[in-house]
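In this note's numbering, each number is its position in the sequence shown, counted from 1, plus 64.
No wet-lab data here; the hints were simulated from the structure. Glycine residues also receive a C-beta, built at the ideal position from the N, C-alpha and C atoms. It cannot be assumed that every hint is accurate.
Said to hold, decoys possible - When the alpha-carbon atoms are kept at most 16 Å apart in a straight line, the in silico EDC-like pairs for lysine to aspartate or glutamate are as follows: (1) Lys115 <-> Asp167; (2) Lys467 <-> Asp506; (3) Lys283 <-> Glu186; (4) Lys124 <-> Asp159; (5) Lys332 <-> Glu347; (6) Lys283 <-> Glu356; (7) Lys283 <-> Glu205; (8) Lys124 <-> Asp103.
Stated by the list, open to error - Ranges between beta-carbon positions, derived for each pair: (9) Ala302 <-> Gly466: 42 to 48 Å; (10) Gln202 <-> Arg76: 52 to 58 Å; (11) Asp421 <-> His379: 19 to 25 Å; (12) Gly522 <-> Pro378: 52 to 58 Å; (13) Ser148 <-> Arg474: 19 to 25 Å; (14) Ala510 <-> Glu347: 32 to 38 Å; (15) Asp506 <-> Met392: 48 to 54 Å; (16) Asn260 <-> Trp338: 39 to 45 Å; (17) Ala267 <-> Glu347: 39 to 45 Å; (18) Arg274 <-> Arg424: 21 to 27 Å; (19) Gly203 <-> Arg424: 44 to 50 Å; (20) Asp438 <-> Pro378: 41 to 47 Å; (21) Leu487 <-> Pro378: 56 to 62 Å; (22) Ser263 <-> Thr509: 19 to 25 Å.
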Amino acid sequence: MKKSIGSYPHVRVRGDGRHVVSQAGSVLLVETVRKSGLDQAISAALAPWRKPRAVHDPGKILLDLALAVALGGDCLADIAALRSEPDVFGPVASDPTVSRLIDTLATSGEKALQVIHRARAEVRSRIWSLAGDNAPDQGGEVTVDLDGVLVLAHSDKQDATATWKKTYGHHPLMGFVDHGPGGTGEPVAALLRPGNAGSNTAADHITATRLALAQLPRKYRRGRQTLIRTDSAGGTHAFVSWLARRGRWLSYSVGMTITEAIHQHVLKIPEPAWTPAIETSGEVRDGAWVAELAGGVLDGWPPGTRLIVRRERPHPGAQLRFTDADGMRLTCFATNTPGRPIAELELRHRLRARAEDRIRAARATGLRNLPLHDTAQNKVWLEIVQIALDLLAWMPMLTLTGKARLWEPRRLRFRLFTAAAQLVTTGRRRILRLARHWPWTDDITAALARLALLPNPG
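Generate coordinates for the entire structure from the input sequences, incorporating the hints supplied.
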């Protein structure tokens, strides 16, 4: 008897397999595109850029790139993964055709970006309507988190400069709709900026907020149904004043830097004025308290501004800052939301930390680097990344339940999209037969069944 060597079975490999589809689970994204009408909307938007005798539709090319990025691609050439599976993705353009389209859209400047924005907003409205109770309007309010992202450059690209972290690259400002504790989030703004762009530049925050609001269904743009949430980078007089002037339509929760004036007011707060902070479960947070500041510290800020400060015992080994007091870590934020307990408002602001999850997902979905040289080209790439992230948010929102609804892109790829299948043709029908032994085959088939029940776009 021959003794086996090693821990894994030895298999012979041949390259002559037929009717096998790799990444067959990506049909979930394809069906999401079809049911949402995203293909029709993008194709209609980019129709002016289609040449009279062109074989490939510009909208289909852009969507193919977004699908490639959603599946883990990080450059234009990764569209080859789709080209190899025409039975799932249809005809896919060649690399030169793809590059020419990106150059054409980049040359047209903001015009092409604006029509893509409008198409995405149109489809987002339909998706949220289809999602029903899973739509991201928690308690009738939509939360948009703004945050900067450092994207490193390893070559000399236009507008790549030294960053505040002494790295080299770009500093986009992103906006994400928070889906709450039961979901993930979707991108609604992406402002490409040089690496040396300031973190607290009010003009950029205003532009990003405008982009984000334009992506939301119209009913969320009035009646204070939208909350804009930022860290202390948004805590500038100019940005808060701009938000306050739209007070009838917007709520805000903006982090603030602990200035000397704020610090002195905190020191004067009597002990009974401190309220215990709370956790998401509603339980009291041990070792953390909140209080509202009043008086002269509000001078110069818009009427209705509330300053809420949190003090917390630092964890063992943490280094205190100069602005901390009496051995307590201090943080502060401003809001214009009236009539709610300050502990509840502080918890709402603290949940802004979920934006870090969205940034991590974006880095794993085409934002680890900007693959093109010119800024105009990379702006188009940023739109492709946003479409990919849209699909990775919409598909779970419409089809997945339980913990699967929270899966980030890497897990979706590993468990769902990489599933292989056999392609069977019977008459005029093509059937993908997923591997029965794959642990997540039932999740894929159940999700596709839910998509099948949704109405087709009109």
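To see whether the hints hold, each was checked on the structure:
1. Lys115 <-> Asp167: With Cα atoms ~14 Å apart, Lys115 and Asp167 stay inside 16 Å; holds.
2. Lys467 <-> Asp506: holds (15 Å)
3. Lys283 <-> Glu186: Holds, at about 13 Å.
4. Lys124 <-> Asp159: holds (14 Å)
5. Lys332 <-> Glu347: violated (27 Å)
6. Lys283 <-> Glu356: Distance ~32 Å between Lys283 and Glu356 Cα, so the pair is violated.
7. Lys283 <-> Glu205: It holds: about 11 Å lies between the C-alpha atoms, which stays within 16 Å.
8. Lys124 <-> Asp103: It holds: about 7 Å lies between the C-alpha atoms, which stays within 16 Å.
9. Ala302 <-> Gly466: 42 to 48 Å: holds (44 Å)
10. Gln202 <-> Arg76: 52 to 58 Å: holds (54 Å)
11. Asp421 <-> His379: 19 to 25 Å: holds (21 Å)
12. Gly522 <-> Pro378: 52 to 58 Å: Hint holds: Cβ distance 57 Å, inside 52 to 58 Å.
13. Ser148 <-> Arg474: 19 to 25 Å: holds (22 Å)
14. Ala510 <-> Glu347: 32 to 38 Å: Holds, at about 35 Å.
15. Asp506 <-> Met392: 48 to 54 Å: Roughly 50 Å apart at Cβ, these two residues keep to the hinted range, so it holds.
16. Asn260 <-> Trp338: 39 to 45 Å: For Asn260 and Trp338 the Cβ distance comes to about 40 Å; the hint holds.
17. Ala267 <-> Glu347: 39 to 45 Å: With a Cβ separation near 41 Å, Ala267 and Glu347 satisfy 39 to 45 Å, so the hint holds.
18. Arg274 <-> Arg424: 21 to 27 Å: Check passed, 26 Å falls within 21 to 27 Å.
19. Gly203 <-> Arg424: 44 to 50 Å: violated (26 Å)
20. Asp438 <-> Pro378: 41 to 47 Å: The hint (41 to 47 Å, Cβ to Cβ) holds, given that Asp438 and Pro378 are roughly 46 Å apart.
21. Leu487 <-> Pro378: 56 to 62 Å: The hinted range 56 to 62 Å holds for Leu487 and Pro378, with Cβ atoms some 58 Å apart.
22. Ser263 <-> Thr509: 19 to 25 Å: About 46 Å separates the Cβ atoms of Ser263 and Thr509, which means 19 to 25 Å is violated.
In summary, the structure is inconsistent with hints 5, 6, 19, 22 from the numbered list given earlier, while agreeing with the others.
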